[in-house]
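Participant: All chains should be built: construct the whole structure from the sequences, respecting the hints.
Sequence order for the protein chains is A and B.
Letter by letter, the first sequence follows residues 1 to 113 of the working numbering.
Letter by letter, the second sequence follows residues 1 to 116 of the working numbering.
All the given hints hold, so there is nothing to weed out.
Think about it this way: if two alpha-carbon atoms lie no more than 30 Å apart in a straight line, the pair counts; the simulated DSSO-like pairs of lysine-lysine are:
#1 A:Lys68 with A:Lys49
#2 B:Lys78 with B:Lys62
#3 B:Lys44 with B:Lys71
#4 B:Lys44 with B:Lys83
#5 A:Lys61 with B:Lys44
#6 B:Lys62 with B:Lys11
#7 B:Lys44 with A:Lys68
#8 B:Lys44 with A:Lys49
#9 B:Lys15 with B:Lys83
Label pairs and their in silico Cβ distance ranges:
#10 A:Arg108 with B:Lys15: 25 to 31 Å
#11 A:Arg108 with B:Val73: 32 to 38 Å
#12 A:Gln45 with B:Gly72: 23 to 29 Å
#13 B:Ser18 with A:Gly41: 21 to 27 Å
#14 A:Leu56 with B:Val73: 35 to 41 Å
#15 B:Ala20 with A:Glu20: 37 to 43 Å
#16 B:Glu104 with A:Ser26: 21 to 27 Å
#17 B:Gly40 with A:Ser26: 16 to 22 Å
#18 A:Tyr27 with B:Gly72: 27 to 33 Å
#19 A:Tyr96 with B:Thr114: 31 to 37 Å
Heads up, incomplete: computed chain B residues facing chain A, CB under 7 Å, no partners named:
#20 Gln41
#21 Gly42
#22 Pro43
#23 Asp56
#24 Gly110
Everything labelled a hint here was simulated from the structure, so no lab data went into it.
Even glycine gets a Cβ: it sits at the ideal position worked out from N, Cα and C.
Here is how the chains run, residue by residue.
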Amino acid sequence: AQSVTQPDIHITVSEGASLELRCNYSYGATPYLFWYVQSPGQGLQLLLKYFSGDTLVQGIKGFEAEFKRSQSSFNLRKPSVHWSDAAEYFCAVDEYNNNDMRFGAGTRLTVKP
Amino acid sequence: EAGVAQSPRYKIIEKRQSVAFWCNPISGHATLYWYQQILGQGPKLLIQFQNNGVVDDSQLPKDRFSAERLKGVDSTLKIQPAKLEDSAVYLCASSRTSGGPNNEQFFGPGTRLTVL
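Facilitator: Rendered as structure tokens:
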């Protein structure tokens, strides 16, 4: 079955430390790939997206993600985490480019002072 | 530009009651989506509208859920009768069109439904 997997339910990092959130998908072709962030009581905000071209994508708030076709992965990274980055992060795929997005279960990020 | 508006923000009902949620998308956005987000899970698409027509409602439980977007602008999602498992956050999103590399879905704050 087609799926989006975020293996880490909860991650805790210290402020200033680096961050990597994992995302794997099981679609046959190269889908369109997204990362969203959701703060408590808020809707989802798009951090970045990948459609084609350069496999390293830059997003807002200092985030980046790298598409690795061989690993079917699209991991999100940030070199130095800020306390305001504490939130829930969702990876999503759009297989047919019709905005029918399928979301992973999310990774909750806690930032320690 | 104003964002996607949703109301109410919170709703508590008893099972077998009915409930309705309202969404007003960003002005000019032709495509509107309703998602269900159960606690601990990612959002699941329930229905997608293009203007006032349904594009995809394959994951909408049609025996109890209904949605409309009569004038191609705002939309209402209804549940009748509600079940305990309907407790979730219902998110509305909109985009300029459906699909395309430059398209982006903008999400509202959601309505948190608790069914007792």
